[in-house]
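Using the sequences and the accompanying hints, generate a full structural model.
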Amino acid sequence: MVDEALRRLVDGVMSDGARAALVAHAESIRDPVERAATVAYLVLASPEYQLA
Amino acid sequence: MLSRRDFIKGGVALVSIGTTAQSLLKGAVAFAAQHEGATNPAAAGRILILVQLAGGNDGLSTVVPAGSGAYRSARKTLAIPEEAVLPLAEGYGLHPNLAGLKRAWDEGKLAVVRGVGYPNQDYSHFKSMAIWQAGDPELKLDHGWLGRTLEKLESEQHDPFLGFNIGSSTPAELETPAVSIPSVQDPADYGFKVRGKPADASEPRTRTLLKLYEQYPAQSPYGVLLETTVEAAVASSAALAEAARRYQPAVAYPETSFGAGLSLLAEAIVGGLGVRVGHITLGGFDTHANQAEDHGELMQVLDEGLTAFQADLKAHGRGMTCWFSRGASSGGGWPRTRTGEPTTAPAA
Chain H
6 MVDEALRRLV DGVMSDGARA ALVAHAESIR DPVERAATVA YLVLASPEYQ LA
Chain E
8 MLSRRDFIKG GVALVSIGTT AQSLLKGAVA FAAQHEGATN PAAAGRILIL VQLAGGNDGL
68 STVVPAGSGA YRSARKTLAI PEEAVLPLAE GYGLHPNLAG LKRAWDEGKL AVVRGVGYPN
128 QDYSHFKSMA IWQAGDPELK LDHGWLGRTL EKLESEQHDP FLGFNIGSST PAELETPAVS
188 IPSVQDPADY GFKVRGKPAD ASEPRTRTLL KLYEQYPAQS PYGVLLETTV EAAVASSAAL
248 AEAARRYQPA VAYPETSFGA GLSLLAEAIV GGLGVRVGHI TLGGFDTHAN QAEDHGELMQ
308 VLDEGLTAFQ ADLKAHGRGM TCWFSRGASS GGGWPRTRTG EPTTAPAA
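Here the protein sequences come in this chain order: H and E. Number 7 in the working numbering belongs to position 2 of the first sequence; there are no gaps in the numbering. Number 302 in the working numbering belongs to position 295 of the second sequence; there are no gaps in the numbering.
Calculated from the structure, these hints are not laboratory results. Computed from a prediction, not measured in an experiment: that's the story for all the values here. Wrong hints could be hidden among the right ones.
What the hints assert, rightly or not - Only pairs whose alpha carbons sit at most 20 Å apart, straight line, appear in this in silico DMTMM-like list of lysine to aspartate or glutamate:
| no. | chain 1 | residue 1 | chain 2 | residue 2 |
| --- | --- | --- | --- | --- |
| 1 | E | Lys116 | E | Glu97 |
| 2 | E | Lys134 | E | Asp149 |
| 3 | E | Lys218 | H | Asp21 |
| 4 | E | Lys218 | E | Glu238 |
| 5 | E | Lys218 | H | Glu32 |
| 6 | E | Lys147 | E | Glu158 |
| 7 | E | Lys134 | E | Glu145 |
| 8 | E | Lys218 | H | Asp8 |
| 9 | E | Lys134 | E | Glu182 |
Claimed, not checked - Which residues of chain H face chain E? A few of them, derived with a C-beta cut under 7 Å, are:
| no. | residue |
| --- | --- |
| 10 | Ser20 |
| 11 | Ala23 |
| 12 | Ser51 |
C-beta: ideal position from N, C-alpha, C; glycine also.
Here it is in structure tokens:
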């Protein structure tokens, strides 16, 4: 899910460290809808998206 | 479950912070240090609060030259009767709806600065505003005049709220690239939220967001700025929330947006956020044909707000001296207020 969000929103561009943080946070959320929304929020709020 | 509305609101809050609370990291660190027991020296100092009467307040209907024949001749339908004004000095009085400020005058806490302007006045409203905002008749100086003031203060003191604007965008007179100035319209919207509720830096999603910014290459364009911005946004929104928790208004503010803004300013001052320059705008003064009715109502809003603000600060051990000063534009004018120890002889 994280990679798909990154591919769609920032052309897959994100550092390994940031991606790892994103994956760890996503895996901590059990509700799939909330997980998707949170991943989308974080990618949209990330510097990669904000500067794109 | 997170609703689409909450999701969008969370994102909007972030963008809002990103555009209003730029690199504040130094200040955020200083703020954190102060709240570990240190005393904030600025809290005991003087604070300038500028109230801008946007739209071009009619100065002659605010501080009225009621004894002047020229005034009556020029204002045949709008002249305020001499018997209606609240007398200040020979031939002059305040608008009848400024009763609270008249009391401040009687207590020696209000001054009127007349004849403020610049040589060879330009009759363009826009150029005159630009001159006032820059504080430079030749428009050669960079940034706003309050922004330059804040640059100097920043070299002496770092606080996230050194300059604090009530509103949705930074006014030109406050602009400076060297100091970040939070612009807050509604404290409830100034901060990160999860499911519509404020989230602090310990909240998991916010922690992850901060990690994303930490991981962003510092050498990239805007890399450092972005990281410090988001960290500072978290810190300053937390500081404002903490100030709100500590602050209880001592008076009931009028139920106007101006009253709410002044209450927020008092909260920041009383909460010890290190405010040295506050800015608030009361708009609507471009009254045109509705001058007689609308101006009177605006004077009342101004008076009720400032009176409550003064009483609140006084109850919290802060004095306030208020100046009325006419602006550079031909029709403009605004009061300037400053909080601090009570004085009877305001400085220029």
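Here's how the hints hold up against the structure:
For a cut-off of 20 Å, the pair hint linking Lys116/E to Glu97/E stands: about 19 Å separates their Cα positions. The straight-line distance between the Cα atoms of Lys134/E and Asp149/E is roughly 15 Å, inside the 20 Å bound, and the hint therefore holds. As the CA atoms of Lys218/E and Asp21/H are separated by approximately 12 Å, the hinted pair is consistent with the 20 Å bound. Straight-line distance between C-alpha atoms of Lys218/E and Glu238/E comes to about 10 Å, which keeps the hinted pair within the 20 Å bound.
A threshold of 20 Å between alpha carbons decides the hint, and for Lys218/E with Glu32/H the separation of about 16 Å falls inside it, so the pair holds. The suggested pairing of Lys147/E with Glu158/E holds, with an alpha-carbon distance near 17 Å, which does not exceed 20 Å. Restraint check for Lys134/E and Glu145/E: satisfied, since their Cα atoms lie roughly 10 Å apart, inside the 20 Å limit. As the CA atoms of Lys218/E and Asp8/H are separated by approximately 17 Å, the hinted pair is consistent with the 20 Å bound.
Distance restraint check for Lys134/E and Glu182/E: the Cα-Cα separation of roughly 17 Å lies within the 20 Å cut-off, and the hinted pair is therefore satisfied. Below 7 Å, beta-carbon pairs count as interface contacts, and Ser20/H has one with chain E at about 5 Å; its hint therefore holds. The restraint placing Ala23/H at the interface with chain E holds, with a minimum CB-CB distance near 4 Å, inside the 7 Å limit. With a cut of 7 Å, the hint placing Ser51/H at the interface with chain E holds, because the nearest CB-to-CB distance is about 5 Å.
The earlier numbered hints are all upheld by this structure, with none contradicted.
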